[in-house]
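K.L.:
For the protein sequence lines, the chains are A and B, in the order given.
The C-terminal position of the first sequence is numbered 427 in my numbering, with every residue numbered one higher than the one before it.
The C-terminal position of the second sequence is numbered 427 in my numbering, with every residue numbered one higher than the one before it.
Be aware that one or more of the hints could be misleading.
Listed below are the simulated DSS-like cross-link pairs for lysine-lysine, each with C-alpha atoms no more than 25 Å apart in a straight line [as the list claims (entries may be wrong)]: (1) B:K164 x A:K341; (2) A:K222 x A:K288; (3) B:K341 x A:K164; (4) B:K148 x A:K341.
Simulated from the structure, these hints should not be mistaken for lab results.
There are 2 protein chains.
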Amino acid sequence: MFFKVEKKSHDCKARAGLLKFNGYEIPTPVFMPVGTQGTVKAIDQQTLKNFNTRIILSNTYHLYLRPGTEVIEHFGGLHKFISWDRPILTDSGGYQIFSLKELRKLTEDGVHFSSHIDGSKHFFSPESVIDIQRKLGSDIVMVLDECTPYPATIEEAVKSADLSSRWAIRSKQSFISTKSLYGREQYLFSIGQGSVYPDLRKEYLKKMIDIGFDGYAIGGLSVGEPSEIMYEIVDISTDSLPVDKPRYLMGVGTPENILEAIERGIDMFDCVLPTRNARNGQLFTTKGKINIRNAQYKMADEPIDEEIGLHSNIVGEGLETSPTYSLGYLRHLFISGEILGIQLATQQNIAFYLWLVKTAREKILSGEYIQWKKLLLDKYQNSN
Amino acid sequence: MFFKVEKKSHDCKARAGLLKFNGYEIPTPVFMPVGTQGTVKAIDQQTLKNFNTRIILSNTYHLYLRPGTEVIEHFGGLHKFISWDRPILTDSGGYQIFSLKELRKLTEDGVHFSSHIDGSKHFFSPESVIDIQRKLGSDIVMVLDECTPYPATIEEAVKSADLSSRWAIRSKQSFISTKSLYGREQYLFSIGQGSVYPDLRKEYLKKMIDIGFDGYAIGGLSVGEPSEIMYEIVDISTDSLPVDKPRYLMGVGTPENILEAIERGIDMFDCVLPTRNARNGQLFTTKGKINIRNAQYKMADEPIDEEIGLHSNIVGEGLETSPTYSLGYLRHLFISGEILGIQLATQQNIAFYLWLVKTAREKILSGEYIQWKKLLLDKYQNSN
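Just chain A, with the same shape it has in the complex:
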């Protein structure tokens, strides 16, 4: 996996980089739309490509349960199954399993859990999760970790991060002793834990670096802690990480969270927020947040987002001939319970998140990142 920082900001830790693997180039910072069950909810693969989506995330836990690895193996891997040739990162399932609470039991060896779909019993170990991801054939494979709950005492945080560290060693062992199944190279990322304790974070990241991975994720954040603490932990973490490897902040976040994390040296993001909020009628636009159901949009004939332009080629290659829909029409679709409302809102929000990181990158390159970030966040704080 090739990674190069092309430019670092003069006044902060933000960096514009380039990731290259398997014949694809990914300019960073990058946002990965979340396709939990092998589909980014309510948007098709072609539209994602038209928007210039470079990489998507999918979930080992969900795909393992449904349709099952045997189905995906039969199809020749996840890329072929979902008709998506560009890169895919698969989450290890750790986060999902630890969200199950009563449905799981942790041991040194791994984690026993019951399916949220049918209650059937399953067991994930660091090794089995590598095996599943080999069968999925994702480009970037994540290690199994325990997502330390928040809040955690320092003793709990140490115990949890110790386990994740031992699992990281086993994951690496398993990864290097196995091979990709479909002739497409796979790369392994670790996940740092350590809760909100700076020294623990540093210590465990050092262990990860000693083991050696293709990239380093920061996990266990955006789990209920105040934003300021998240930013502090991100700041400390990126100080401890090598300059020449990609850094991935898992599951984060709002546009504000993402810009603050970019400022602190993060390269990769994923989050369900753009797609989930779209389904509730909340739009992210270059003018701020919009609740499209509000009566004020009943007669609004301006486009959903002029600056981005749904389907336009500002984000990607795009379809220039596509119609531009108005806010008033989109409101009508939501008020009337029409699926097209969810489709268009999802497109807008995905396009906005891709625009956000793309523009961040341009501003890093032109040396104006901090000023641009302030202007954009002012808009966000003044919108509903």
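Given chain A, work out where chain B should sit, using these hints.
P.N.:
Relative to chain A, chain B alone:
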């Protein structure tokens, strides 16, 4: 409105025609996807265009209630409101109101009804329905009629059709004494009633022809009567209609219904079946009907419909670079409750219906209609 029959079958009444108005050409037979509330459910306008959809149908009753004519007027008409520049036919709302049953009261003047959304009271007359459709700005305007329920005694059928005939006169009067609002010409179609009584059908169609309309619809069919009776009434009706005007069979139907009606000289169709059944996981394909949830499709790696090719240019100009999804992936989407499943199934079914009438037209032109119809229906009768 220009209409020309380009070729009539040598062995049946099927005809290949050409409709021209407002700068658009519509080869017939044509299928109009139904966009009840100003959106063809779960498919966006650009995809409809990519599939070469020539005209869509929308519903006066629904749009009048929500978003309301004042909103659509503000936007400069329905075309601009929904970002669709191609032709639109609007149903008069008669069918919807008469489906309300307890919520409506019929008088000579018009019909009082309560909104299915909030119970508010409203009144539609032949004149007000023309007025609303002027404000919508649809290309083809339908007269208000009473959709005679099935079964009806001959006395009930006469009484009902008499009322519809008097309303048709008032509609025509109202139409010729008003103008289109947005500089886009509008055309008026009548609706023939008469239940399942051949002589009534003939008599009332003659009245419509005497009044004079741009096109003639056959209403009150596909309301519960056996298919054979529907075909008989269609056959009698087209015998009574002028050769040089388009004939539209409202709300029909299955692929079989459509092919039988084309054989009997019908030019235009609309039906919710392709979109509604898509949402339930029933696909119409060139190989027959498919219930995509069936376990047999779990490992099915063949494309959803090779002959049509989702997004391919067999139906329209199409996007040749779009991915082709497999039946197995589509099944996974439905089993997992993913919206993309509905989107793709809707695309398939709309593409199939457009393919069906397009191919019917080609077979009429090449003189092979009857043979082709038999082959296709055999496939359908042998599928689930």
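K.L.:
For each hint, tell me whether it holds in the structure or not.
P.N.:
Going through the hints against the structure:
Simply put, K164 (chain B) and K341 (chain A) have alpha-carbon atoms about 22 Å apart, close enough for the 25 Å limit, and the pair holds. Taking the CA atoms of K222 (chain A) and K288 (chain A), the gap is near 22 Å; set against the 25 Å cutoff, the hint holds. For the proposed pair K341 (chain B) and K164 (chain A), the alpha carbon gap of about 22 Å is at most 25 Å, so the pair holds. For a cut-off of 25 Å, the pair hint linking K148 (chain B) to K341 (chain A) is broken: about 31 Å separates their Cα positions.
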